[in-house]
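So the sequence lines, in the order shown, correspond to chains S and L. Residues are numbered in the numbering used here as their position in the first sequence, beginning at 1, plus a constant of 1133. Residues are numbered in the numbering used here as their position in the second sequence, beginning at 1, plus a constant of 25.
The set of hints was computed from the structure by calculation and includes no laboratory data. Predicted model only: the values in this text are computed from it and were never measured. Among the hints, erroneous ones may be present.
Stated by the list, open to error - Label-pair restraints from in silico Cβ distances:
| id | chain 1 | residue 1 | chain 2 | residue 2 | range |
| --- | --- | --- | --- | --- | --- |
| 1 | L | D93 | S | K1187 | 27 to 37 Å |
| 2 | S | T1246 | L | G26 | 27 to 37 Å |
| 3 | S | F1140 | L | D93 | 38 to 48 Å |
| 4 | L | T118 | S | N1195 | 35 to 45 Å |
| 5 | L | M105 | S | T1138 | 23 to 33 Å |
| 6 | S | A1135 | L | D93 | 34 to 44 Å |
| 7 | S | T1246 | L | E102 | 29 to 39 Å |
| 8 | S | E1147 | L | S92 | 45 to 55 Å |
To be verified - BS3-like mimics (lysine-lysine), calculated; alpha carbons at most 27 Å apart, straight line:
| id | chain 1 | residue 1 | chain 2 | residue 2 |
| --- | --- | --- | --- | --- |
| 9 | S | K1148 | S | K1174 |
| 10 | S | K1148 | S | K1177 |
| 11 | L | K106 | S | K1174 |
| 12 | S | K1211 | S | K1177 |
| 13 | L | K106 | S | K1177 |
We put the CB at the ideal spot given by N, CA and C, even for glycine.
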Amino acid sequence: EAGVTQFPSHSVIEKGQTVTLRCDPISGHDNLYWYRRVMGKEIKFLLHFVKESKQDESGMPNNRFLAERTGGTYSTLKVQPAELEDSGVYFCASSQTGGSGNTIYFGEGSWLTVV
Amino acid sequence: GQSLEQPSEVTAVEGAIVQINCTYQTSGFYGLSWYQQHDGGAPTFLSYNALDGLEETGRFSSFLSRSDSYGYLLLQELQMKDSASYFCAVRGTGFQKLVFGTGTRLLVSP
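Let's have the full structure, built from the sequences with the hints guiding it.
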């Protein structure tokens, strides 16, 4: 069974440009999460989808960040325009609904560097 | 909301035992989880405690005391490959996001 996959694995963009990160969750997982880790600090929550609906987007830093999950399958996270402080590792994670949803599975992350 | 505290760094030698503590504040509680992250890698699930007591999985054990809002991860027979960051995490209900602690960097030396 394939795990959570993310693309691109690394991206270097200039300030002001746009980047779109993609996440394919584990098949059958209704819950999809985006997290960010900046400069070795905490893993900070951004957003939680249940199927195609945004369950919780309280962690989205500002309106330069837009997440979508059309059809309840893969998700994209767009940063537009990117700022220097957006640099970090963006992790996507997914989990099942119900008791087995105690474990969430992370992707390898998309490393974003804004210069 | 939820907040969690962990020591920032712990050092130990191969073969030793180390305990990483986690204290949390949360409105609602749906279990304490532990994740391991090697540099450049994905956080991976280690353990989950919903009830008080000790859960053992091989060399790793995790403990929870809900009355004290406290838990710890115990790593035994440390190996060099255990050098990584360890995060505790909680969620308020089963439907909410997982909130992570600040992470503890474990350095294992020969």
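Quick rundown of the hints versus the structure:
1. Judged by the Cβ atoms, the range 27 to 37 Å given for D93/L and K1187/S holds: they are separated by roughly 35 Å.
2. In this structure the supplied range 27 to 37 Å holds for T1246/S paired with G26/L, their Cβ-Cβ distance being about 30 Å.
3. Distance hint check: the CB atoms of F1140/S and D93/L are about 43 Å apart, consistent with the given range 38 to 48 Å.
4. Under the hint 35 to 45 Å, the C-beta atoms of T118/L and N1195/S, about 27 Å apart, miss the expected range.
5. At about 29 Å, the CB distance of M105/L to T1138/S agrees with the hint of 23 to 33 Å.
6. The given range of 34 to 44 Å is respected by A1135/S and D93/L, whose C-beta atoms sit roughly 40 Å from each other.
7. About 38 Å separates the C-beta atoms of T1246/S and E102/L, a value consistent with the hinted range of 29 to 39 Å.
8. In this structure the hint that E1147/S and S92/L lie 45 to 55 Å apart at CB holds, the actual value being about 52 Å.
9. Between K1148/S and K1174/S the alpha-carbon distance is near 22 Å, which keeps this suggested pair within the 27 Å criterion.
10. Between the alpha carbons of K1148/S and K1177/S the distance comes to roughly 22 Å, so the proposed pair stays at or under 27 Å and holds.
11. With a C-alpha separation of about 21 Å, the suggested pair K106/L and K1174/S falls inside the 27 Å cut-off, and the hint holds.
12. Straight-line distance between C-alpha atoms of K1211/S and K1177/S comes to about 17 Å, which keeps the hinted pair within the 27 Å bound.
13. The straight-line distance between the Cα atoms of K106/L and K1177/S is roughly 25 Å, inside the 27 Å bound, and the hint therefore holds.
In summary, the one numbered hint that this structure violates is 4.
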